[in-house]
Amino acid sequence: MWENRCKIVVSGVGYSKVSRMADIPLAAHALEAVKGAVADSGLEMSDIDGLATYPELPATGHAEIDGISVVSVNCMMAMLKLPNLTWHIQVGTTNIGGAVQQATNALLAGVCKYAVVWRAMHNPRGTYQNLPGAQAAGATQFTAPYGFGGPGQGMAVAYTRWLEKNNQTRDKMATLAVTQRKHTQHNPHAYFHGTPLTREDYFASRMVAHPFCLFDCDIPVQGAVAIVLTTADRGRDLKPKPAYLAGYGQRLHFETAGRIGSLSSYMEGGSSSAKLTWERSGFTPKDVDVAQIYDGFSASVIYGLESYGFCKEGEALDFIQDGRIELDGDLPLNTFGGSLGTGRIHGLWHIIEGALQASGRAGSRQVKDANVSFVGASAPIVTGTTFIFVSEPY
Amino acid sequence: MSDWSKVTRPIPVPNEWTRPFWDSAKLNVLAMQRCQSCRHFQHPPYATCVQCMSVDLKFEPVKGGGTIYAYTIMYHTGDKRFASAVPYASIVVEMDEAPGALMAGNLLEAEYTEAKVGRRVEVIFEKLNDDITLPQFRLAR
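So the sequence lines, in the order shown, correspond to chains A and B. If you read the first sequence in the numbering used here, its first letter stands for residue 4, the second for the next number, and so on. If you read the second sequence in the numbering used here, its first letter stands for residue 8, the second for the next number, and so on.
A couple of the hints might just be wrong.
[To be verified] Covered by chain A, according to a simulated footprint, are these stretches of chain B (three or more residues, beta-carbon under 8 Å):
1. 18-26
2. 34-48
3. 77-83
4. 86-98
5. 101-114
6. 122-129
FYI, nobody ran anything at the bench for these hints, they're computed from the structure. A virtual CB, placed ideally from N, CA and C, is assigned to each residue, including glycine.
Given these sequences and hints, build the entire structure.
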């Protein structure tokens with residue numbers, strides 16, 4: 004087991020308004036979320052001495068403008084002017100989960116005391132995933148000429164592979180979309196709060212890229228979320244009950260850029276990250292009381308459930324049936340609604356929910372007696388990270 | 008059947024790793040990058056052999072028969088250049104000589120509903136301009 008398990012905690016969490024289109028610059032959303040997380044912790048902004056994010060805009064063919072379409076560490080530093088800042092970082096290979104892990108490492112190293120991590124997401128005007136212009140350079144030269152424009156299609160090809168290889172049908176995915184939307188109704192910050200979804204809605208929705216229909220894809224939104232991380236001894240003295248970080252992992256697998264459709268990219272990415280997390284925490288999938296698994300596209304949940312070890316390969320769509328992923332089921336899943344419910348904010352919201360469930364702060368969606376709370380914070384391919392939070396140190 | 012006549016495809020830009028692939032395609036030959044040490048085929052081309060780390064890589068012709076490994080049917084018309092072909096099949100093909108090397112293409116000369124995992128296809132060539140010819144696929148005959 005990891006010698007540093009339960010030495011770092013998630014304390015406060017914060018949210019901006021989540022809307023379809025920007026009425027204020029993205030930097031203002033990020034600021035709102037960060038202020039919320041600091042206030043939720045019962046801290047002053049001057050207490051914050053560490054900053055971390057993953058700022059990338061996953062849309063293609065749009066300009067990255069700091070403060071408008073991304074919110075970098077530099078942007079946050081300029082806004083906050085933290086008098087006691089001692090550490091900051093912006094990560095590349097592991098999406099926002101990597102920023103949380105780096106903040107954890109910095110706290111363990113003693114180079115900061117209270118770190119804020121935020122994720123701010125922009126919804127650009129026009130089509131989210133544009134193909135490159137008239138020319139396709141680099142890895143896109145083998146994909147864009149055939150109409151492959153963004154991760155949606157890249158995910159879709161792997162999903163057909165999974166479905167047909169395992170003799171499954173996409174109909175079963177309706178259970179995930181409908182159950183998560185039900186969970187969303189307990190999350191007032193989510194984009195789809197107040198908008199239920201029925202199985203009939205799912206089956207009637209337009210196809211985007213087969214096997215994905217509209218409700219298999221998270222809706223692009225403008226918004227931000229943030230968390231405060233600190234050491235366990237400091238966290239115990241703060242306002243909210245802390246969630247203890249029992250272990251984490253990151254994917255250790257990468258297949259060459261431009262390679263699409265490969266199921267092994269997802270399965271080996273996910274299993275490598277989960278293995279580290281199980282070993283460091285000492286838990287196994289059977290010990291997990293509640294799970295958040297990244298669902299930017301619904302099929303990511305399949306790859307997550309299987310590669311993390313919750314069920315066998317080829318069985319995930321059967322695994323999620325019969326109430327198992329309901330709030331009172333055997334494995335309550337994406338209890339905050341997931342990205343399919345909140346809108347496209349990437350995995351920090353999954354981490355927030357994992358922490359809230361472990362600390363008993365999830366309100367009307369709280370899973371009873373949740374102790375071991377698992378998070379797969381992004382698609383197991385390319386950017387996968389995994390976490391376990393617990394309610395008490397062990 | 009998808010109407011490709013009005014589609015303007017992004018034009019591939021060859022680079023130092025990929026130029027031999029496009030030079031061959033121009034001659035209606037599908038050539039894939041192969042490690043000269045361990046004989047492993049890989050696609051997309053890379054700087055090194057991802058199996059044995061050798062840098063001794065050459066492009067070798069393959070016969071052009073393969074199997075659909077995965078596919079998607081595109082319905083979204085976000086990119087207007089492809090809108091007239093919707094719905095169309097974008098496929099990922101595993102060539103017979105190159106297990107594990109995955110090549111993207113469209114399924115041409117067939118209804119998009121013909122795209123299925125495991126179905127046999129063969130390479131055909133679509134000339135985009137004087138410099139670039141695109142390998143494409145149709146059902147095996």
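How the hints compare with the structure:
1. 18-26: As far as the region 18-26 of chain B goes, the hint holds, because 6 residues have Cβ atoms under 8 Å from chain A.
2. 34-48: violated (count 0)
3. 77-83: holds (count 7)
4. 86-98: With 8 residues close enough to chain A, the hint holds.
5. 101-114: holds (count 5)
6. 122-129: Held - the region 122-129 of chain B has 3 residues with a Cβ nearer than 8 Å to chain A, which meets the minimum of three.
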